[in-house]
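Chains as they are written, first to last, in the working numbering: chain A, 1 to 291; chain B, 1001 to 1295; chain C, 2001 to 2435.
It is worth saying that the hints were derived from the structure and are not from the lab. In this text, a Cβ means the ideal position worked out from N, Cα and C, and glycines have one as well. Where hints are given, some of them may not hold.
What the hints assert, rightly or not - Facing chain A, from chain B, some residues (calculated, C-beta under 7 Å):
(1) 1006
(2) 1022
(3) 1027
(4) 1096
(5) 1097
(6) 1101
(7) 1108
(8) 1114
(9) 1117
(10) 1211
(11) 1215
(12) 1259
(13) 1261
(14) 1269
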Amino acid sequence: MKAIAINKQKKVSLGQSIILLLLSIWALTTIYPIIWVVLNSFKDRRFILSNSFALPLGEIFTLDNYRLAFERVDILNAYKNSLLISTSVAAVVILLAGLAAYVLARYEFRLKKLLYNLVIAGMMFPVFSTIIPVFQMQYSWGIVNTSNLFLSLLSTALPQIAGNLSFAIVVLMGYIKSIPIELEESAYIEGCNIFQIFFKVIVPLTKPSFATVAIFSFLWSYNDLFTQMFFLRTKTQWAITFLLNQLTSQEGTNYGLMAAAVTLVVIPILIVYIFLQKYIIKGMISGAIKG
Amino acid sequence: MTSHIYKNKKLIIFFLAPAFLFILVFLYYPFIKNIFNSFQEISGLGSASKGWADPWYSNYTMLLKDTNMWVAFRNTLIMLVVTVFGQVGIALLLALLTDRITYGAKFFRIVYFFPIVISATALGLLFNLIFLYDKGMINQIREIFGAAALVDFKSKGIALFTMMAPVMWQYVGFYFIILVTGLNNISSDLYEAAAIDGATSYQQVKFISLPLLRNVTCTCIVLAVTGALKVFDLPWTMFPKGLPNGETWLTGTYMYYQVFNVNDVDYSSAIGVVIVILGVLLSKLVNTIFKEKEF
Amino acid sequence: MKKLFALMLVFTMVISMAACTKKEESAGSGEETKTEAKKVTLNTTTTYAGNDGNAQNFQDAVAAWESESGNKVNDSSSTSDETFKARVLADFETGSEPDVLFFFNGVDSNPLVEAGKVVSIEEIRKEFPDYASNMKDGMMGASPVDGKNYSVPVNGYWEGMFVNKEVCEAAGVEIPGPDTTWDEFLETCQKIKDAGYAPIAASLATVPHYWFEFSIYNYLTPATHNVLPGSVSDEHGTAWVNGLNDIKDLYERGFFPENTLTGTDDETVQMFIDNKAAFLIDGSWKVGGIEELTSNIDNFTVTYVPGNNDRKTTDIIGGLSSGYYITKKAWDDPDKRAAAVDFVSYMTTDELVSKFAEVSATALKNGSQVDESKLTSLAKDGLKLVQGATGMAGAVQDQIPAESRVPIFDGMPNLVTGKSDIKESVQEVLDSLSK
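Next up, chain A with everything else stripped away, as it sits in the complex:
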């Protein structure tokens, strides 16, 4: 593989540079906003609207936004709650969605069309039309509006899991359909049952797909302000997105604090994403197939 890569590069170096140029142009548009947010987080709120494209230097510069964020609220505790909720959401989603997607992608059975349509429709249910019944239901189970931290986190995670399952099933089905069926057949001949096929063939083959779906589930759960608003009540239960929204959602929106809040919310996600990148790179796959 390496040999080919080198070979390729030599042959089409002109093409390569054009490609790099194109990719870089798009990259500029995506990098700029994050730089803009970070820069503005170091500006005094008075200058954000009038000087939003300037560098935070001189009298514009301030660390107040961060000082305020750390002073007013318990950020570390909120990170912990967010991580607990979102990692469990991501883990449960990829497991359950993986199982379901595998069967929906590979089997033919009577209810398949119906189930697929249920999944598609489920993707579009607006959360504000489902939240009230969910709230009532979870209240009757006694896990809502208690002072117990773990019950509250659970009551937030459960609807989020359901909300992400549809998306995850649709995406994983697309990936599983794309892998050649021969590998599963040879595993079957070696005497594997379908559980073994799933865990020993499908999962290793589509590891990057699972990582991608996990990232998006994590991300959506992490950023889902609306569900957090309903189920996380007392200060010790707050998750990061809710907490920072509490700081910034008042009259005369404090854009400096908002930029600082966004920076604080985004950094952990980027770390998680960069960490998971290694599962989304080539090479692992060929190993899985050969091994």
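With chain A held as given, fit chains B and C onto it using these hints.
Below, chains B and C alone, put in the same frame as chain A:
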């Protein structure tokens, strides 16, 4: 089609049950209530129903007569075309290009992810400042190049463009990552073999990448179609309440407006039902188109 | 009945605002209840959270009450927005409501009162005669459902016209004062416009609320402002139509910013801050907002909205829009009843209310005591505005549920551009109200 190994269906219930149990309990049970609500009269999310609507289907007749709703449908259809070709198209191009380069692929994968993680409020503010009427970024740049009059990017005529460009831009990264993952699922053995046989890069893309990516692309288009129907946050921060003069309503923003600004929960439920029905129909259409192309 | 009530409200309010005496009076209630032994945990929900200026005050007060009474407080306060309102209503719907709630007393509270989930002050006083005795009954913010008091208010609001002094100076116009008439105001605006500034910063597309309030106020009086029209052609209906026509007139004269139909409120407020617009009608909360946004607070002042017809320029809009409720659930719980009453009494003593209210309105019999030396020039101007008021009416829009406001609020751009008829739109509002 089905492989012989998947003839025995006894165990599949164990694969399907957990996921569908979640979906039924947390999505379908509430949504059936939502359908029920669309025939009731409820003002205020969280309030009890005041009884049946009179006549019971009145929300649906109202929906047909509501000019804002038709504007929303029209805009959403435009949005749909923009998403499918703009978002998935650009994402596919970027993904294929990233797959062909030797250096920097990892870098691009990270930076293309950025727009997805920044909250819509922050992006909304950024784009508002870029498109701002007085002393916005673009108007300032235009001034430097000698333009005399300011352009109001939120006025009738270009409002739709101002709204859709950022949405398009934001979600390219999302589809990009899904597609790149799909490309990575393709065994490099195939490319090696093709290269040995003397296939050019273009041929490798045409005969290996694209066909093997077909399922994932189809997935992306289904997601884009359903996404367009419910897109909400960025348009709402930039164009609250269908600004200007209700020109920029989308089905997603209009439903939100009905819930939280008008407090007409029953009517919004009816809109929700219509959105879901449309979404299922459109995704079926996408799937049929892709199936036909198979042969 | 309504008229009488409004009259009473105006009277008491103005008196209370003018008299900022420093008299101390014990808060009274609560004392006798403290002896009851059983310690409880109260669940509370308020809007004193996050960036609210009083969030810290509230937390301190809660901690002080906890140590004084020995009870515990389980607080789930959150900043107020539409989701918060939905959450509170959902809580009541499922029976998981808090024991004490700090919430709006306008139409937003109707579901709670209609379902009998909150206890009226009248009923509480049967057992605790001193409950809220330091407040004026006529100002506590009676429920729109039955006219009874359910909540004990803390800090209120007023609405006035903020002025950018630099713009006025550059345009060579006087800052409007207590005697400025509507016609003089129109002339002033014309001069400002001719000088190349926007006279009025307002986003008619997103926040036409303040202009709606004052322009119809100009055809009514403090005593009659809060009466909803019975029909388009009666006294109040005519006032509404005339008032909306005035907004249309201002729009046609070009007194609003060029992007008033496309820009958001944030954008037009920023114009005002950036010395591009002269006037901004907004509420007392904007004092803090402007303090945050500008680096030169002395460039701003606040004055009366020029009056027309029977409304004096010094008649203002204001009132108390939220208060502490004790829920039926807590009231029926023998352990919690006294604790809840004690908690609310504690949070609404003269001392604490003054601390929370600062320059905004209160319902205290003795008036609020503010330390003026700590205020900015703008806040002092605000205090003067309230003290010099000759009459006050609550915002009439608080009596209109959100769904009924749509034709004239969200429809404002259509009204001023002539796309829809003003009379018909008012009729639509009334039709929706009578449903």
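Each hint tested on the structure:
no., hint, result
1, 1006, "holds (5 Å)"
2, 1022, "holds (5 Å)"
3, 1027, "holds (5 Å)"
4, 1096, "violated (9 Å)"
5, 1097, "holds (5 Å)"
6, 1101, "holds (6 Å)"
7, 1108, "holds (5 Å)"
8, 1114, "holds (5 Å)"
9, 1117, "holds (5 Å)"
10, 1211, "violated (10 Å)"
11, 1215, "holds (4 Å)"
12, 1259, "holds (5 Å)"
13, 1261, "violated (12 Å)"
14, 1269, "holds (6 Å)"
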